[in-house]
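Residue numbers (our numbering), protein chains in the order written: chain A, 4 to 221; chain B, 101 to 314.
Honestly, I wouldn't trust all of these hints.
Now the stretches of chain A that chain B is said to cover, found in silico as 3 or more residues with beta-carbon under 8 Å [claimed, not checked]:
| id | segment |
| --- | --- |
| 1 | 19-26 |
| 2 | 67-80 |
| 3 | 96-103 |
| 4 | 119-132 |
| 5 | 164-176 |
Derived by calculation from the structure, the hints in this document are not laboratory data. Each residue gets a CB set at the ideal place from its N, CA and C atoms; glycine is no exception.
So you can see what is in the structure, the chains are spelled out below.
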Amino acid sequence: MPGKIRSRDEIIAQFKDGQTVMCGGMHNHGTPNNLIQCIIDSGVKHLTVISIDSADANLTLGRLYHHRLVDKLITSYIGRNTEVVAMLEAGEIDVEFVPQGSLAERVRCGGAGLGGVLTKTGLGTVVEETRQIVEINDSGEKYLLETALRADIGLVRARMADPLGNLAYRGTLRNSNPLIATASDLTIVDADMLMDVDEIGIDRIGTPGVYVDMVLAK
Amino acid sequence: MDIRNRIAKRAAEYFKAGDVVNLGVGIPGMCSDYAVPGVMFHTENGFIGVGPAATGLQKVESFSNASSTEFVPVSGSCAFDSAESFAIVRSGRLAATVLGGLQVAENGDLANWTRPGGKFGMGGAMDLVNGTRNVIVAMELCAKNGSPKIVKECSYPLTGKHCVNHIVTEQCVIDVTPQGLVLLEVLEGLSPAEIQRQVEPLLIVSNSIKTMER
Numbered sequence: 004m005p006g007k008i009r010s011r012d013e014i015i016a017q018f019k020d021g022q023t024v025m026c027g028g029m030h031n032h033g034t035p036n037n038l039i040q041c042i043i044d045s046g047v048k049h050l051t052v053i054s055i056d057s058a059d060a061n062l063t064l065g066r067l068y069h070h071r072l073v074d075k076l077i078t079s080y081i082g083r084n085t086e087v088v089a090m091l092e093a094g095e096i097d098v099e100f101v102p103q104g105s106l107a108e109r110v111r112c113g114g115a116g117l118g119g120v121l122t123k124t125g126l127g128t129v130v131e132e133t134r135q136i137v138e139i140n141d142s143g144e145k146y147l148l149e150t151a152l153r154a155d156i157g158l159v160r161a162r163m164a165d166p167l168g169n170l171a172y173r174g175t176l177r178n179s180n181p182l183i184a185t186a187s188d189l190t191i192v193d194a195d196m197l198m199d200v201d202e203i204g205i206d207r208i209g210t211p212g213v214y215v216d217m218v219l220a221k
Numbered sequence: 101m102d103i104r105n106r107i108a109k110r111a112a113e114y115f116k117a118g119d120v121v122n123l124g125v126g127i128p129g130m131c132s133d134y135a136v137p138g139v140m141f142h143t144e145n146g147f148i149g150v151g152p153a154a155t156g157l158q159k160v161e162s163f164s165n166a167s168s169t170e171f172v173p174v175s176g177s178c179a180f181d182s183a184e185s186f187a188i189v190r191s192g193r194l195a196a197t198v199l200g201g202l203q204v205a206e207n208g209d210l211a212n213w214t215r216p217g218g219k220f221g222m223g224g225a226m227d228l229v230n231g232t233r234n235v236i237v238a239m240e241l242c243a244k245n246g247s248p249k250i251v252k253e254c255s256y257p258l259t260g261k262h263c264v265n266h267i268v269t270e271q272c273v274i275d276v277t278p279q280g281l282v283l284l285e286v287l288e289g290l291s292p293a294e295i296q297r298q299v300e301p302l303l304i305v306s307n308s309i310k311t312m313e314r
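Chain B extracted, bound-state conformation (with noise of 0.2 Å):
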């Protein structure tokens, strides 16, 4: 499995049936091919019951997600305003979300909206980390040029402060505690070691590690 895939495939182990659950662009978008039966998908566009993209007759303007692919609308749908959408968010209702992130800090500090000097906006990433019960950022652990992006301080603009619950990576798998950030899985074939040394915080290693599947 490529390690897009991978990491989507493992975030996903995070939602049960009966959920609704909010999906970034990119790898966190992927999630909803690995969801178990019954997950609801919410659009911050105003909908709950996103379902597979639309092709055909079923193409409609009136069925596109917030990333502007037209989808099909699955059993037990609804549609709402933006006000609701994120009153929906806000009030804690979507059990998870799955953003990405370009640094996350030891204290659960999420910057993914722009890098210092961007110009594009936040969308609703911040209202996003603002409610929901799980915060889950979905990313390679390093950048590309092999930078840590897992930091002692966020020295990106902050989406929000205290706001991340797990961290799903191609290597490894790390939940945000009051103690720290704990190391829950690790990749096949790597060593906590291995970990430690592509990020800048101490890693707290769980007593009860598992091995993360390839």
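If we strip away everything but chain A, and leave its shape as in the complex, we get (with noise of 0.2 Å):
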């Protein structure tokens, strides 16, 4: 296949258990459903998971938690998704959660080598209790450290792709994309539509190939 093209089943492969996977995507749109079907029909288990959100129960990214495959949750926000609530009660799955403009922030940090980033979000909350507190000698003004984030596969919905990875993405389905397709060892990538080199348009490319390991062959 040319390029970064991949076979199903070479992408299926690249899953392991205990790995760290990101993965775009917000309240069911703009998921890599194919790549979530790639991670359930590899049959690996114990999974971290950062997401802004974890989607609705059994449907896009909440597959994953009805499946029981994730033991960890970096995210923003579970309330549409009865079941992932539930398992939280029930102790049976760990979930961290991060204002979601500092949880961007740090995937961005994670892909770009930087350490993190000062933040005034979450001063005075309950965030503050699990974050190192940095004041600035010279103004004496107080911010939160929020430190990047990165995963061992980044998980990318774009709607064009091309054989070098070049993404474009379209609307709200951008959401995280962009961010997480820099943040992971390896990046794989779910496209709506397989373009020609050159096709997408210079301008119009919203994640550079540089990023992306890998695209699901259609």
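Using the supplied hints, reconstruct the complex from the two chains, each of which is provided in its own coordinate frame.
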């Protein structure tokens, strides 16, 4: 197959027990659903998942929880997913909550070679209890330190992908996908459309192919 | 007008043409029905220009808001990723955010993401109250059991400290000021004393108090 296009079987073989997987999408929209199916078919367990939310029960990303494949979740919100809420109440999953904007920044840092960012989001709240507070010498301003997040595998949904892994997005389908494309050791893409090289258009590319390792074949 | 629409309509009076505004779910989301033309709506999942709910062929996965409702983009819309979306929030580019509230304290502290022991997560609420130029809480004055939601100190987990600017309820409009809570408007037929009875902190009654339409 040309360039970074990979077969379903080759992608399934990448998943291992205990990996950390970052996944794009929010509230069932912009989720790499074909790659979620690859994880389920791989039979792996004990995953740590990093994602904006946990989708709905047994829908899109929520299917991973329905099949009990996840031990830990780093996210901003699980309220839509009745199964994950029940698992948390039963002590069957470990959930770390991060304010949504801070979670996005942590992933961005992970993909940008940075150690973290300073933010006032969460100051004076429960978030502060698990963060280092940094006081700037000159101004005395206080911030929370939000450290970078990376994963073994990043799962990305794109509208278009070419064989070099250049990606284009559309509307709110983008959400966390361009960030997640940058922050993993192995980045795998589920694109609605596979394009030829140069077909997407130089200025239309949202994620440079240099970040991408594999694109799921059609 | 029912209570929920009354609150939404009054909260929307804070918006002016050219503003970019974020609306929470529930009553805040209804504010878009009452906004003046020229206001653009931001959604956390990366969009400015959220329009009416989509139907038919316009209902596509690529345009959905933070409540997962598909919408039609308005002219002039733009899309961006989640990091950019919250950079817009934190850097003060939003003229206003309208959120629900569980408790608002005298000093402007807000608790709106969970009751004690809640297990849903804060979503983007803590980010939205950090940087947005006007934080507007749109809520009913009292909880369903009649207990005050405007309190001396929040007992529920905080969303943010000293962050609320305006409180709009079905009975009154209150501003948070350095001097305390200022009662600006009271619903037609009610007196300031009747509002005071339903809140914990002492209200400062504005010299130019107005009547809120039913």
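Structure-based check of all given hints:
With 0 residues having a Cβ less than 8 Å from any Cβ of chain B, the segment 19-26 of chain A misses the three-residue criterion, and the hint is violated. Coverage of the segment 67-80 of chain A by chain B holds. Counting CB-CB distances below 8 Å, 3 residues qualify, and the rule asks for three or more. For a cut-off of 8 Å, the count of residues in the segment 96-103 of chain A with a CB near a CB of chain B stands at 4, and the three-residue condition holds. Counting residues of the segment 119-132 of chain A whose C-beta sits closer than 8 Å to any C-beta of chain B gives 9, which meets the bar of three, so the coverage hint holds.
With 5 residues bearing a CB less than 8 Å from a CB of chain B, the segment 164-176 of chain A meets the requirement of three and the coverage assertion stands.
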